[in-house]
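From just these sequences and the hints, can you work out the full model?
Top to bottom, those sequences are chains A and B.
Per the working numbering, the first sequence runs over residues 1 to 258.
Per the working numbering, the second sequence runs over residues 1 to 306.
Cross-link-like lysine-lysine pairs, in silico, BS3-like; alpha carbons within 25 Å at most:
{"hint": "1", "chain 1": "B", "residue 1": "Lys-185", "chain 2": "B", "residue 2": "Lys-208"}
{"hint": "2", "chain 1": "B", "residue 1": "Lys-204", "chain 2": "A", "residue 2": "Lys-119"}
{"hint": "3", "chain 1": "B", "residue 1": "Lys-208", "chain 2": "A", "residue 2": "Lys-144"}
{"hint": "4", "chain 1": "A", "residue 1": "Lys-144", "chain 2": "A", "residue 2": "Lys-127"}
{"hint": "5", "chain 1": "A", "residue 1": "Lys-239", "chain 2": "A", "residue 2": "Lys-8"}
{"hint": "6", "chain 1": "A", "residue 1": "Lys-111", "chain 2": "B", "residue 2": "Lys-204"}
{"hint": "7", "chain 1": "A", "residue 1": "Lys-111", "chain 2": "B", "residue 2": "Lys-208"}
{"hint": "8", "chain 1": "B", "residue 1": "Lys-202", "chain 2": "B", "residue 2": "Lys-185"}
{"hint": "9", "chain 1": "A", "residue 1": "Lys-116", "chain 2": "A", "residue 2": "Lys-139"}
{"hint": "10", "chain 1": "A", "residue 1": "Lys-111", "chain 2": "A", "residue 2": "Lys-127"}
{"hint": "11", "chain 1": "B", "residue 1": "Lys-208", "chain 2": "A", "residue 2": "Lys-116"}
{"hint": "12", "chain 1": "B", "residue 1": "Lys-204", "chain 2": "A", "residue 2": "Lys-116"}
{"hint": "13", "chain 1": "A", "residue 1": "Lys-195", "chain 2": "A", "residue 2": "Lys-130"}
{"hint": "14", "chain 1": "B", "residue 1": "Lys-202", "chain 2": "A", "residue 2": "Lys-116"}
{"hint": "15", "chain 1": "A", "residue 1": "Lys-118", "chain 2": "B", "residue 2": "Lys-208"}
{"hint": "16", "chain 1": "A", "residue 1": "Lys-116", "chain 2": "A", "residue 2": "Lys-127"}
{"hint": "17", "chain 1": "B", "residue 1": "Lys-208", "chain 2": "A", "residue 2": "Lys-127"}
{"hint": "18", "chain 1": "B", "residue 1": "Lys-204", "chain 2": "A", "residue 2": "Lys-118"}
{"hint": "19", "chain 1": "B", "residue 1": "Lys-208", "chain 2": "A", "residue 2": "Lys-119"}
{"hint": "20", "chain 1": "A", "residue 1": "Lys-111", "chain 2": "B", "residue 2": "Lys-202"}
{"hint": "21", "chain 1": "B", "residue 1": "Lys-204", "chain 2": "A", "residue 2": "Lys-144"}
Hints in this document: simulated from the structure, not taken from any laboratory.
Every value quoted in this text rests on a predicted model; they were computed, and no experiment measured them.
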Amino acid sequence: MAKRIDVKDLDIYYGDFKAVEGVSLTVEPRSVTAFIGPSGCGKSTVLRTLNRMHEVIPGGRVDGTVALDDQDLYAPSMDPVAVRRTVGMVFQRPNPFPTMSIRDNVAAGLKLNGVKNKKQLDEVVEKSLKGANLWNEVKDRLDKPGAGLSGGQQQRLCIARAIAVDPQVLLMDEPCSALDPISTLAIEDLINELKSKYTVVIVTHNMQQAARVSDQTAFFNLKATGQPGRLVEVDDTQKIFSNPTEKATEDYISGRFG
Amino acid sequence: MSTLSTLDESALPTTAPSDDFGGKSSARAVKDQVARVVMWAAFLVALIPLVWILGSAVFKGGQMLLDLTWWTHSQNGITSRREGGGAVHAIQGTLIQAGVTALISVPIGVLTAIYLVEYGRGRLAKTVSFMVDILTGIPSIVAALFVYAVWVTTFGFQRLPIAVCLALTMLMIPTVVRSTEEMLKLVPNELREASYALGVPKWKTIMKIVIPTSFSGIVTGVLLGLARVMGETAPLIILGPYTAVIATNLFDGLMPTLPTMIFQSYGESVQPSVDRVWGASLTLILLVFLLNIAGRFISRFSKVRN
Chain A
1 MAKRIDVKDL DIYYGDFKAV EGVSLTVEPR SVTAFIGPSG CGKSTVLRTL
51 NRMHEVIPGG RVDGTVALDD QDLYAPSMDP VAVRRTVGMV FQRPNPFPTM
101 SIRDNVAAGL KLNGVKNKKQ LDEVVEKSLK GANLWNEVKD RLDKPGAGLS
151 GGQQQRLCIA RAIAVDPQVL LMDEPCSALD PISTLAIEDL INELKSKYTV
201 VIVTHNMQQA ARVSDQTAFF NLKATGQPGR LVEVDDTQKI FSNPTEKATE
251 DYISGRFG
Chain B
1 MSTLSTLDES ALPTTAPSDD FGGKSSARAV KDQVARVVMW AAFLVALIPL
51 VWILGSAVFK GGQMLLDLTW WTHSQNGITS RREGGGAVHA IQGTLIQAGV
101 TALISVPIGV LTAIYLVEYG RGRLAKTVSF MVDILTGIPS IVAALFVYAV
151 WVTTFGFQRL PIAVCLALTM LMIPTVVRST EEMLKLVPNE LREASYALGV
201 PKWKTIMKIV IPTSFSGIVT GVLLGLARVM GETAPLIILG PYTAVIATNL
251 FDGLMPTLPT MIFQSYGESV QPSVDRVWGA SLTLILLVFL LNIAGRFISR
301 FSKVRN
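Structure, rendered in structure tokens:
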């Protein structure tokens with residue numbers, strides 16, 4: 001089910017502008033990896049290259065390789081649409097489809113890809129909502145619009161939507177930054193459960209969150225102002241937060257930085 | 001408790017708070033009043049022509065519409081000096097021509113807008129966008145002359161109702177493109193990305209996410225464009241002269257419409273004709289009004305729910 005991600009010598013561009021340079025890291029299956037670092041250092045950009053969402057932006061392109069269990073995602077024969085079915089994504093702001101009910105939101109990935117069997121869809125909806133810890137809150141109003149839920153519920157709805165297509169990897173781009181502490185806790189608990197089935201990569205600005213949820217932490221930083229971002233250090237979360245190798249990491253984590 | 005209250009008292013400002021904030025500015029209150037008066041005056045001035053037009057159309061033409069024959073009879077065999085007859089031929093013609101125009105323009109306009117917003121990059125998109133801008137500014141009589149030059153002079157065809165529709169299409173396409181474009185741009189990019197991230201192809205994302213989300217806006221834009229086209233007169237005068245009989249064939253003969261009926265009757269200064277001018281005017285206003293109501297109603301069925 002879960003797959004391993006290997007990133008090697010990855011350079012990421014927006015048109016002529018090199019945004020991120022020379023990223024190499026490995027994400028083990030069934031683990032949580034957190035990306036931390038100051039704003040604008042390219043964490044989200046790196047995350048978006050892992051399911052080829054980066055190239056949705058005009059001018060977006062990459063050099064280097066991203067492999068999912070030895071399968072190069074950027075091979076010419078690889079279909080980006082198929083990649084995105086394998087590698088799901090949850091965004092910073094909850095973005096349920098406003099035209100759809102809760103049920104249809106969860107089933108959207110399957111429905112839009114041609115699954116019509118209602119029984120199968122209902123099963124997937126229930127399973128995914130349970131997987132996102134939302135089932136008990138919404139089971140009596142599955143036909144109500146998804147946009148009517150609270151922010152935290154909407155974000156869990158988006159997680160349910162992402163896991164409904166049965167991905168191997170789940171990417172999360174600051175999934176809690178628009179949520180209150182209670183909802184954040186709910187999502188963090190959920191991440192802990194999700195990692196038994198999926199490989200999870202999460203971008204966060206909240207260092208406590210990185211320390212709480214992740215097994216491995218990667219610290220990104222800009223080389224200098226105007227220079228591309230780079231991966232400073234990646235290691236076990238315990239080590240990064242107690243005894244990092246690089247001074248820049250320690251400065252950032254202890255708040256002595258920027 | 002006691003320490004707390006002493007602390008609180010010492011922390012209180014000894015002077016009235018209004019001094020700290022400079023008191024209430026009388027100059028600002030005056031400006032506020034002036035702005036209020038100016039805005040209300042502008043609103044009322046803008047309202048005058050609207051009420052006036054509606055008032056005279058209802059006052060002078062309302063009587064005609066109350067007569068049932070207005071809705072059931074044409075002007076066939078009725079001279080301008082005689083009272084009686086109806087406008088059903090013109091109403092039918094206007095509806096048919098507007099409908100056919102919409103049938104041609106809406107697909108072209110909506111697809112062009114989708115291209116411009118979702119796919120268009122680089123030179124071709126810029127050129128298309130520029131052309132649409134130019135097309136928006138073309139006076140209706142020029143569009144009519146162009147169609148006349150192509151249809152009648154170059155190809156040697158008769159003046160037919162379908163030629164009118166082609167001229168109206170030229171006027172409607174740019175308004176549909178522009179309004180649809182605006183509505184598609186309003187759809188947040190996050191929704192597109194959410195759909196891509198589920199492994200949904202781009203075309204399906206547009207069909208199932210983007211268009212349903214902006215559906216009510218697109219419908220409103222189309223209906224506004226249609227309302228404009230229904231009142232357009234120049235192409236009708238050049239390409240579709242008036243006739244007093246019912247005609248439904250787009251490819252043969254003449255087809256009367258409300259604007260040409262107004263124009264025809266206006267040329268004859270006898271009372272029955274003058275009544276018909278106002279009657280037809282009020283009917284046209286009513287049609288446009290109904291169209292807008294229908295638009296609201298369709299928007300209700302939009303699937304965006306909160």
